[in-house]
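There are 4 protein chains.
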Amino acid sequence: MITKPLRIGVGGLGRIGRIHFDNLRNHVPGAELVAAADPFEGGRAFAEQFSVATYESFEELIAHPDLDAVAVCSPTDEHANHVIAAARAGKHLFCEKPLDLSVDRVEETLAVVKEADVQLMLGFNRRFDRHFAKLKSLVVSGSVGEPHIIKLTSRDPAPPPLEFIKHSGGLFLDMTIHDFDMARHLAGCDALEVYAQGSNLLDPAIGEAGDIDTAVCVITFENGATAVIDNSRQAVYGYDQRAEVFGTKGMASIGNETPDRHELFTAAGQQGPLLEGFFLERYALAYRAEMQAFVKAVQGGETVPVGGEDGLKALKLGLAALQSVKEHRPVSVG
Amino acid sequence: MITKPLRIGVGGLGRIGRIHFDNLRNHVPGAELVAAADPFEGGRAFAEQFSVATYESFEELIAHPDLDAVAVCSPTDEHANHVIAAARAGKHLFCEKPLDLSVDRVEETLAVVKEADVQLMLGFNRRFDRHFAKLKSLVVSGSVGEPHIIKLTSRDPAPPPLEFIKHSGGLFLDMTIHDFDMARHLAGCDALEVYAQGSNLLDPAIGEAGDIDTAVCVITFENGATAVIDNSRQAVYGYDQRAEVFGTKGMASIGNETPDRHELFTAAGQQGPLLEGFFLERYALAYRAEMQAFVKAVQGGETVPVGGEDGLKALKLGLAALQSVKEHRPVSVG
Amino acid sequence: MITKPLRIGVGGLGRIGRIHFDNLRNHVPGAELVAAADPFEGGRAFAEQFSVATYESFEELIAHPDLDAVAVCSPTDEHANHVIAAARAGKHLFCEKPLDLSVDRVEETLAVVKEADVQLMLGFNRRFDRHFAKLKSLVVSGSVGEPHIIKLTSRDPAPPPLEFIKHSGGLFLDMTIHDFDMARHLAGCDALEVYAQGSNLLDPAIGEAGDIDTAVCVITFENGATAVIDNSRQAVYGYDQRAEVFGTKGMASIGNETPDRHELFTAAGQQGPLLEGFFLERYALAYRAEMQAFVKAVQGGETVPVGGEDGLKALKLGLAALQSVKEHRPVSVG
Amino acid sequence: MITKPLRIGVGGLGRIGRIHFDNLRNHVPGAELVAAADPFEGGRAFAEQFSVATYESFEELIAHPDLDAVAVCSPTDEHANHVIAAARAGKHLFCEKPLDLSVDRVEETLAVVKEADVQLMLGFNRRFDRHFAKLKSLVVSGSVGEPHIIKLTSRDPAPPPLEFIKHSGGLFLDMTIHDFDMARHLAGCDALEVYAQGSNLLDPAIGEAGDIDTAVCVITFENGATAVIDNSRQAVYGYDQRAEVFGTKGMASIGNETPDRHELFTAAGQQGPLLEGFFLERYALAYRAEMQAFVKAVQGGETVPVGGEDGLKALKLGLAALQSVKEHRPVSVG
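Just so you know, the sequences run in chain order A, B, C and D. Letter 103 of the first sequence, counting from 1, is numbered 185 in our numbering, and no numbers are missing. Letter 334 of the second sequence, counting from 1, is numbered 416 in our numbering, and no numbers are missing. Letter 165 of the third sequence, counting from 1, is numbered 247 in our numbering, and no numbers are missing. Letter 198 of the fourth sequence, counting from 1, is numbered 280 in our numbering, and no numbers are missing.
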């Protein structure tokens, strides 16, 4: 247990890195943000506004004196390198997902983390969203009984740039990965098998880039529960994030956030608010809560709530889903 | 207690008379619709389709052999005459509201009914609506505790014809009268005082006809509860009928009916259904239920659930509200 | 086109037969209910109350003078026999679903119907429910654009008796069959393939009877849309019937019916109504509307809105789903 | 226009002072929190944690070098003194409501502020709540047309301590004051008259302290609109804050916040979340938004969005409501 503030650095000051930077500086009790690194001038300039030590390289960052922990927010293909380097330097780690797109590389990384005896938390932020957290708590408290059917709807407001898609691993690894983790989280056990159906119904360029834009996955879990996930890269009405758990004692569901709760009735009918922005707005408080949970766990000497194994299992589900689409059959999850 | 079917006649086959006619013929266990009367050819032709004895005058109707009860659906200014005549002939009575717009005439009529020892039920249909009935049951069961604040919103989709307004007694007597009864019903006791605020904000012709189109009434009840009623003769979004009871243990409310329960999300936002028609559609099942309740009570030898006194008390509230607007002060309810 | 009333008989006066009987007698303009048949004394006694000609056998029923049409409400294993006999006698037909559990038998029956040049409407009542009809109209009007994902949730309040399950063809044929039809109806085209996942998670006796109680089906349609259906034989909170269509221009959904629309807020939290009964209550108006649609189409010389082919296609989906579970792979729909 | 950061001090570090302190330090672009004052050791200790100059007296605070503005968060009976002192020292002012409970004293204070040519913003935080702001925007955009009926429900979860009530001016001045301001804000014009009904239905000790706990106010506005406010000091189900504007083109309403958006269906029925905490939680973002609006207006050289006159007018409504209850009649608002 660490009784003094946890001295933490942020590696990578892109969009998500700045969110963690801001939360660590202002909203995470027990954390002291002491350093940040970014290879780009713009990223460093951001950090320098706030009197934080600033470095060009991740290596310099982890050499910052008395650093306890690092938040790895670098590009995905650097995650494993940075985690390994920081773990060997004895730093506790928060890492944005995914750790890597290769199972071998993830396993190798987790082995280093284990040997270094540091903690590693993966950024499955959705687990820390107040709505999903409430749903999980209703499952844990037994309000819905034994879960039989888990339903997750996850639809983005618009497709990402094609460049992103080409390197993201595709829809299952850049988008459904969150649902795979959430399905496991809500089921409370591991997956046995996945059947996935994927189509390219939106822009043909997505298909030409080797990806799909519309998908349905059916997952069977060790406890007999079945999860159904439906995804689309384009919900023109906004970022649609819903979930439901149906079980022997009832059904619990969570709806979307909206910017306000108005209703308007006119001669044209009943109208209501649009949905809440995209992930940065929808999960703003979840990003904060996950970082609070990371710092609290590391300081308290407790296990972090989402570990490297969770990332590995979500990755394996994603790869099995890809294989299922390719081979047009249900696929066992290793 | 009457063990054979209750032989009933309908006096007046206008819009509401035909509704009661149809319900009595098809949907009221224990009732046998045997006769109907209407001074107009069209009304009689309606009844003749269904092999029911048909008369021109109300007097002939109540002379129909072995008639047990009559539903008085004639024009308002005939209600008292018809009730008196039928009561003297020993018939049980269902009468559309209002019995009359004059307190003296109502009291005189009720005296005849009492002397004749027949039952008289007033058509405050809203008490039999499934939503209002549920709200009342939550009050009676104690779910909201002692009622402190009762709120009623009652807004018509469009103003009635000016001709109607000129003879209806005005908004308080043709429209709010239902809310006065409902406020008493939900409060579970009598009113002490009313303060009313009325304006002519819509068509100036309504004001020229001596009426208002927008009103707010505040009623204090014997048990300390306060009711607030808001009315408008024109809600462009449809017939708006809501209620709420707030008390020491909680708050119960009922919302509007809609033709279906869809939600539509598009780039333009969230949309939902319009409200359910006007009173004929909104309270279709309530008209049925009130007639079932009338027949059941008369057959079972039990007191009908809404008596002549209820009509008198709603009328007195209406007249006090009129006086309150005129004298610009709270007025005691006699 | 038939300008006089459509003279119709009801064959079979069990639970559903009596519903059609009552609707035909009271709520279907243009229909004249003239006869009914039931092998059981109780069934016939029901019909005799209403001065309708009553027969013991279906053969006698279709020999009733000047009969135009028959509603076949006999036990499932008699459906094909009765349809064939009535078609050969030149009667138009409304038949409860399913026509038969064997594809061959259904095709044979449809051939007879075709040859006899009579109309045959199948009782997929859900299409006539006001909520599902609204959803379909939003799809047809283009409000959601091209459909990409269709979601149907259909959960019964409690499992049927084991005896029923043993002869019903199982969950896919007695329960999901409605969802298969609705998925086709909403997709607006035919299915290509189904992948089904079924489990026995409730009473083991259901499994011993050879059936499942929990299922998820994924269907791919000719237009690229994917439908996901989730079923359970036991939703302890009531009959759960929801649907959603997601497309290029938006998403439309329909929620459950409730007996009323109250909300209750107490120190214990927010509470609302239970769901509406079981199918007899939930779809009471749909049963009425389908019979109205049948009579209107036959009288108007128009094609009935749900034909024998629709039944055949739902059956084929059900059989493919059974095969999918058995062979643990997606199965083409013939 | 001030192009450098607005240097601001906080006077008073009680509960609400600390909220403004935190917002100014972390969430208000353009503000530089430079000093704070509190007569109590505990208040000062709070500020000292954050390297902010700390004083014992308000006089010392406003003498802090180069101070541009002050947020007055002292006890109510000090508000006028502090505003006058700071205005004379040329500081722009944000002041918690009410400025004072005496009309004379408020007018005197506003005269000083005017003479000093500084800006004064009153803390009617509710105007900055996202829900109320949306409602106002729907009125301003004409979505509901000309407003006819405005409804505000405002109920506290539990009564304040009796000591508070004795010095607060009573329910109309400590609680309804927010609704008076909101009614004016939504009506978009001034009030002509108020009729108020107040009762002591909860703890008799509240009545003995000279106050009421349940109230209904009816306000008439210059534009013909009528507002109805209902208040209770104790809604056992939580802090209930709702509003509705009904007009010639429609009706807009806003509902309560909840900590999450779950629904739970069990055999016991449908359940949902409790309401969001009390004002500190419910209006946390509104406190932030009002301070942002204050700093933005002062920096931009624009008029602050809620001025001293708004406070005076709400106070006059409160005093008229008190008189209305006492004299049992509608009272003109001076």
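For the record, the hints were derived by calculation from the structure and aren't laboratory data. It is possible that some hints are incorrect.
Any copy will do: because identical chains look the same in the list, a pair fits if it lies in one copy or spans two.
In the DSS-like style, the derived pairs of lysine-lysine whose C-alpha atoms are separated by at most 27 Å in a straight line are [stated by the list, open to error]:
#1 K216 - K408
#2 K248 - K331
#3 K196 - K216
#4 K408 - K398
#5 K408 - K196
#6 K248 - K196
#7 K331 - K398
#8 K216 - K395
#9 K408 - K179
#10 K331 - K216
#11 K331 - K378
#12 K216 - K248
#13 K398 - K86
#14 K331 - K179
#15 K378 - K248
#16 K196 - K331
#17 K395 - K86
#18 K398 - K248
Results of checking the hints against the structure:
{"no.": "1", "hint": "K216 - K408", "verdict": "neither (36 Å within a copy, 37 Å between copies)"}
{"no.": "2", "hint": "K248 - K331", "verdict": "between (44 Å within a copy, 26 Å between copies)"}
{"no.": "3", "hint": "K196 - K216", "verdict": "neither (31 Å within a copy, 51 Å between copies)"}
{"no.": "4", "hint": "K408 - K398", "verdict": "both (15 Å within a copy, 26 Å between copies)"}
{"no.": "5", "hint": "K408 - K196", "verdict": "neither (34 Å within a copy, 43 Å between copies)"}
{"no.": "6", "hint": "K248 - K196", "verdict": "neither (32 Å within a copy, 55 Å between copies)"}
{"no.": "7", "hint": "K331 - K398", "verdict": "neither (31 Å within a copy, 33 Å between copies)"}
{"no.": "8", "hint": "K216 - K395", "verdict": "within (23 Å within a copy, 42 Å between copies)"}
{"no.": "9", "hint": "K408 - K179", "verdict": "within (24 Å within a copy, 37 Å between copies)"}
{"no.": "10", "hint": "K331 - K216", "verdict": "both (17 Å within a copy, 26 Å between copies)"}
{"no.": "11", "hint": "K331 - K378", "verdict": "neither (34 Å within a copy, 39 Å between copies)"}
{"no.": "12", "hint": "K216 - K248", "verdict": "neither (35 Å within a copy, 40 Å between copies)"}
{"no.": "13", "hint": "K398 - K86", "verdict": "neither (38 Å within a copy, 53 Å between copies)"}
{"no.": "14", "hint": "K331 - K179", "verdict": "neither (34 Å within a copy, 31 Å between copies)"}
{"no.": "15", "hint": "K378 - K248", "verdict": "neither (37 Å within a copy, 43 Å between copies)"}
{"no.": "16", "hint": "K196 - K331", "verdict": "neither (40 Å within a copy, 48 Å between copies)"}
{"no.": "17", "hint": "K395 - K86", "verdict": "neither (34 Å within a copy, 52 Å between copies)"}
{"no.": "18", "hint": "K398 - K248", "verdict": "within (19 Å within a copy, 40 Å between copies)"}
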